[in-house]
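Trainee: Could you put the whole structure together from the sequences, leaning on the hints where they help?
Chains as they are written, first to last, in the UniProt record's numbering: chain A, 1 to 618; chain B, 1 to 597.
A hint or two may mislead.
For lysine to any residue, the following SDA-like pairs were computed, each having C-alpha atoms within a straight-line distance of at most 25 Å [unchecked claim]:
1. A:LYS359 with B:PRO192
2. B:LYS377 with A:VAL161
3. A:LYS146 with B:LYS361
4. A:LYS235 with B:GLY475
5. A:LYS363 with B:HIS156
6. B:LYS491 with A:GLY297
7. B:LYS155 with A:THR367
8. B:LYS361 with A:SER315
9. A:LYS359 with B:HIS189
10. A:LYS320 with B:LYS361
11. B:LYS155 with A:PHE369
12. B:LYS352 with A:GLU298
13. B:LYS367 with A:THR316
14. A:LYS320 with B:LYS162
15. B:LYS155 with A:SER143
16. B:LYS352 with A:PHE331
17. B:LYS352 with A:GLU303
18. B:LYS162 with A:ILE371
19. A:LYS235 with B:ILE580
20. B:LYS155 with A:GLU107
21. B:LYS155 with A:HIS355
22. B:LYS162 with A:LEU341
23. B:LYS367 with A:CYS162
24. A:LYS359 with A:GLU107
25. A:LYS363 with B:LYS162
26. B:LYS491 with A:LEU302
27. B:LYS155 with A:LEU137
28. A:LYS363 with B:GLU151
29. A:LYS363 with B:SER163
30. A:LYS359 with B:LYS377
Treat the hints as calculated values from the structure; they're not laboratory data.
Chain by chain, the residues run as shown.
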Amino acid sequence: MSSFPYIHISCPCHEDRPQTLTLDSARPITPLKSPSKHDFNFPLTDPHTPTKRRTLLGGFTPSVSFDSGNINLDLDEEEEELTDEDDDNNNFDPRDPRSAFSLFPIENLLYCEDCHQIRCPRCVQDEIVCWYCPSCLFEVPSSTVKSDGNRCTRNCYLCPVCTALLAVIPVNHSSGHSGTHSDHPTGPFNLFCSHCHWTTSDLTPPIQLEKPTSISAQLSKLTHSSQDSEFIRLKQHYAQQLGNAQEDFTNSPAALTRLMGLYTGLGSGSGGHGGSRKGRGVKKLEMKEVDRPREVGEEQELEIIERMAVEGLESTTTSKQRLAQPHEPRFLSDLTPTAVLLRTKRSKRCRACRHILVKPESKVQTTRFRIRLVALNSIPSLTIKRLDSTINWNNLIPHKTHRFLLTVTNPLFDPISVSLLTPRRTPGTAFASRVTILCPEFEVGASTDVWDDALMSTKPAASSTSGVATPPVAGSFTSFSKDPKMSTVYEQKRNYTSVVIEVVPPEIPDTRETRIRDERLLEIPIYVRVEFEAEVDRDDEEGGGGKPSHSGASGGAVQRERVEYSYWYVIGVGRVGDPVEGVVASEPNTPVRTPVGTPVKAPRTPAAMRTPLRQVRS
Amino acid sequence: MSSRDPTKLSPNPPYKLSTAGSSAAGGHRSALSANPTTPQSRFSASSFSSPGGSSLHQVDEPLIFELGTRFFRAGFSNESAPRCKIGITPEMYGRIGLKGRGGTRMNRRTGEAAGPRIRNTGSEEWELWTNDLRLKDLGVVEDLMERVLREAYNKHLLIESKSKRLLIILPPIFPTAIQNTLSHLLFLHFQPPAITYLSSPVLSCLAAGLRSALVVDIGWQETTITPVYELRPLTSFIKFSSRGSKSLIEVFGQLLWNTIKPSGDEESWWRIFNWAEVEDLLSRFGWCKGSADAREDARQRARVAFGLPVGTGEPEEEGVEGRETEDEETDAEGEDIRVREEPSPADIRAQKRRQTIYDAKVEMEFKTPLLEERITKMKLPFEAMSAAAEYAFFLPSWTKVQSFKDQGKRPEGEETIKNYIPIPDIDELMEGCQGRVEYEDESEYTLPYLVFLALLHCPVDVRAACIPRIVITGGAAGMPGLKSRILGDLKELVEERGGWELVKTRNKKGDERRKELTERKEKWEEQKEKEKKEREMLQSEKDNLRIKYAKFGGVAPGTIRGVETMGAWIGGSILSGARIKGTVEVEREKFMSTHRA
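Mentor: Okay, here's the thing in structure tokens:
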């Protein structure tokens, strides 16, 4: 099972892709629009936000309003229905089968600074820097890569049974004493797997090598499959056929007579199959079929069956072993050692603007990169923690309010203002959980030097600019009104800010029989919008978009511009467990939270309800 | 230049499928006889083999991709095997960086079942697409294809995708929507200069060294039977059947589950067993009985249906009726009778082989997380491994899948008839039909019968060319015994039908069988003797013919012969290695310009 919690980011490339529906498949597919259009360098008021397609800001009500806080609850329910419908259209659904292909952990994402866009492995173009063997770290020149079959031609071989690295040892290794290490071992050698003890001597014609070096050359002489020879036979046949034709038409002086003969010959006969028309001069011009094609032989097949019956299941290859071999042998004794597959170091370019995002050092041995624009350095990362350590990620209790601490960390050198939007009910399932972010808009400080943090006194959290997040009507909380800080940020430090997110999972029946999807998995999509004032010190023309461009060398007059971007994050919170006695669905017009005084028999007491929340330092 | 293609490749037009295609062969032939100027197109091949041909593209050799439902193969031209063969697994549908399925699909351990979909057997995660596109989100297919292609390029081919042309081998009938998606995906993400699409039966034919053949491709979702004449697929004569590797595995899984299932448990087999394990076992150890054996089994089942004794079941009681000579040999067959008359070394060898095969046992174990025992062990006779093929390819589709249980072991004759296959109804036997009226569909026919029909419906010239050139390929064709079984059954079928008449003659052989069961033995044997003599005479005549044709190195017309192929991928490899360019090439610039906006 996956370990909770996890946070994935949806690469926006999937929004741009055509929604190919099968029903109107005849319709031509619209190609992708160049993502460079989605530059974020526009004023905030620009209606063409990058998420325009989703019309997110329009039809989307951020779940700031507390369900419980509303006095007119009937109305609220109605509204909720409405917004839910809206949500379905606009929301990112992590359960959609396609989103599995666009969600990535932040570590897997790159960031194109020119497009101001994250780039997933699908949005980049790979360029090979060098080829090398992962086993001996030998760099293979590009000219020989293909002819070598993309495999190491030195001494790196893998066990065909267990894929461990094979060692070259003398055949009479076991009989010789261990003291003979320093001596030059003599005699025939074989390849030995130290993991599963498979050796090349196990093969039906045992393979034994004369020298312990240049194994590839020796092996290629010793192993020769019937498929290869058949392939060569066919190839020769066709080459011959084509060669004949060529000779007849171009080089031969008798071409004309042949051509004449061709017409006369053809008038009489049909397709020229088999040998019925063999031996005539005309025949030579036709493409013939191969001489004695291999016939299906019952005898051979019976032999295989008998061998299977005699040798048993253990002697046959598993599908994995078979796939690793070029000719898919059926029996273990037909396996041959596989040379190690080469690997490449690749540089990656943004597919939209062709800028290099990753460029490794070309030396094989170094792991350094010349350029590496990873998303981790450019977009805020989210982490989620339990506020209450008794919460079991794998067994969330239905109807109980689970509180988690959502932390937004800012990697940028500018302070950012973040707004978190989430559908009030998790989309894509019939068993939606209620999600409430207590403070959806806040600021996160710049990722300045650590010393700055030590020198400066931390800002009080209350000074956060968000006016939206002010708590609603006082007294609407019964149990939480005593904690006024609940609706503000929970904690704010140098470059991260934490807010509380409340999740109330519903009671989810065991849907194993009826549904394909895992209904009990609780994943919360959160739309994170980030705004900040960036110093523009680039002197590229396109990046500015419609902005008045400026010739700013990095030392020159820095112009600040408003940058905004937004992504869907998906938080895998956990799995909802079976309902627990005592924790029941709340009535429609009572707060969703579990009353403090409710006796709860379950071992996992909602302790969070009792432990007072830590006050924000002021 | 393209029209002068010597090998007569007619790749699928890239955007539309020629389902209701004109018979290429028919047109071709008429053109030949009518107009003497056309043959040029047939033989001239001059410029192709000249090194450094006219086109720049010919210099670099293309990559060859073969797109199957279950496996994707990719490699370089002029090589004897693809560089990689990537199987679709459920993990490929999952998220990167997340074990398990991230909510789109349940982990099997905790046991989420598939929903109420049509023919859902949990297989849809093991395939790239389904032919029934109503149920498939094409976007997912695209995403998955992208993932597979990226793996092939980055892990196995180790080549920059922009540099190489592509040659893509597709099944003869391929959904246009998917082909469109594929082209778009490739041009957008991988940017090859051009793509050529080729149809797989032609290449299978090429890889067998033939120019005409009946290509029986036993694929994952379906079996396609394509007549190829002069390297042109006759698309209007293609036959389809939903009997394929997938149904093979489904049947096998069902058999296994039925064996250990407690009564009343309605659980589906693919939730109990891991699909991969079942597939793996079948690919390792599945086999197919020979024609003669299967016929004998069917006969025994028929005897049971009529209440006649089987083998050594109750030998004494039914002595009058029983064929005591045969009783000593269980599952004895016609050839074995002859063995006793004149045992030759080959026959003894065959007998011995049968003995080893039927005595062998297989031990296997499966992970069954949903059952009480987490690991279920089974010990089955080796013969059981052949039952799945019977159901999947050779029994009427309404046959109810039984189990491997050893029920009702009789004390004396341990070797009673194996009940892996149900005893048919008497009515069914009497009707002796290939399909029931209510199931009338090509998928319901047994595979040999469908091959027979495919040949029967071909134009007579094509049929003449195809009968001695039957190429059986595809994933399940690797199962030992299957090819010769199909051919053997086909031979039998033709003999029974008495040729290639469209109108079926009276079922003589069936009559005899019934006679054998109902009438007295002596009479029947007399008749059999007579028939045997006739057959021998016929045989000797045929032999004469054969000798005559053998001189020319060919086969007599009308001889059913199977030819081994190296597979469509190899065909593509040979073809592009010979620098033969397809007639239709989809170029990137053109495609992107027409498909923009």
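Trainee: If you draw a straight line from the CA of LYS320 of chain A to the CA of LYS361 of chain B, is it 25 Å or shorter?
Mentor: holds, 24 Å
Trainee: Is it true that the CA of LYS363 of chain A sits at most 25 Å from the CA of SER163 of chain B?
Mentor: holds, 24 Å
Trainee: Can the restraint linking LYS146 of chain A and LYS361 of chain B be considered satisfied, given a maximum Cα separation of 25 Å?
Mentor: violated, 45 Å
Trainee: Given the hinted pair LYS363 of chain A and LYS162 of chain B, is their Cα-Cα distance within 25 Å?
Mentor: At roughly 24 Å apart (the allowed maximum being 25 Å), LYS162 of chain B and LYS363 of chain A satisfy the hint.
Trainee: What's the verdict on LYS352 of chain B and GLU303 of chain A, does the C-alpha distance respect the 25 Å limit or exceed it?
Mentor: holds, 12 Å
Trainee: Compare the distance between the alpha carbons of LYS359 of chain A and LYS377 of chain B with 25 Å, and conclude whether the hinted pair is satisfied.
Mentor: Answer violated: LYS359 of chain A to LYS377 of chain B is near 52 Å, above 25 Å.
Trainee: Between LYS162 of chain B and ILE371 of chain A, is the straight-line Cα distance small enough, at 25 Å or below?
Mentor: holds, 22 Å
Trainee: Within a Cα-Cα threshold of 25 Å, do LYS155 of chain B and GLU107 of chain A meet the stated pairing?
Mentor: holds, 20 Å
Trainee: Holds or violated: LYS155 of chain B and THR367 of chain A, Cα atoms, limit 25 Å.
Mentor: holds, 19 Å
Trainee: Under the criterion that the straight-line Cα-Cα distance not exceed 25 Å, is the pair LYS367 of chain B, THR316 of chain A satisfied?
Mentor: holds, 19 Å
Trainee: Next pair to validate is LYS155 of chain B with PHE369 of chain A; report whether the Cα-Cα distance is within 25 Å.
Mentor: Satisfied, since the Cα-Cα distance of roughly 20 Å is no more than 25 Å.
Trainee: Would you check the hint for LYS363 of chain A and HIS156 of chain B, treating anything up to 25 Å between C-alpha atoms as holding?
Mentor: holds, 21 Å
Figure legend: structure checked against the earlier numbered hints; hints not met, in rising order: 3, 14 and 30.
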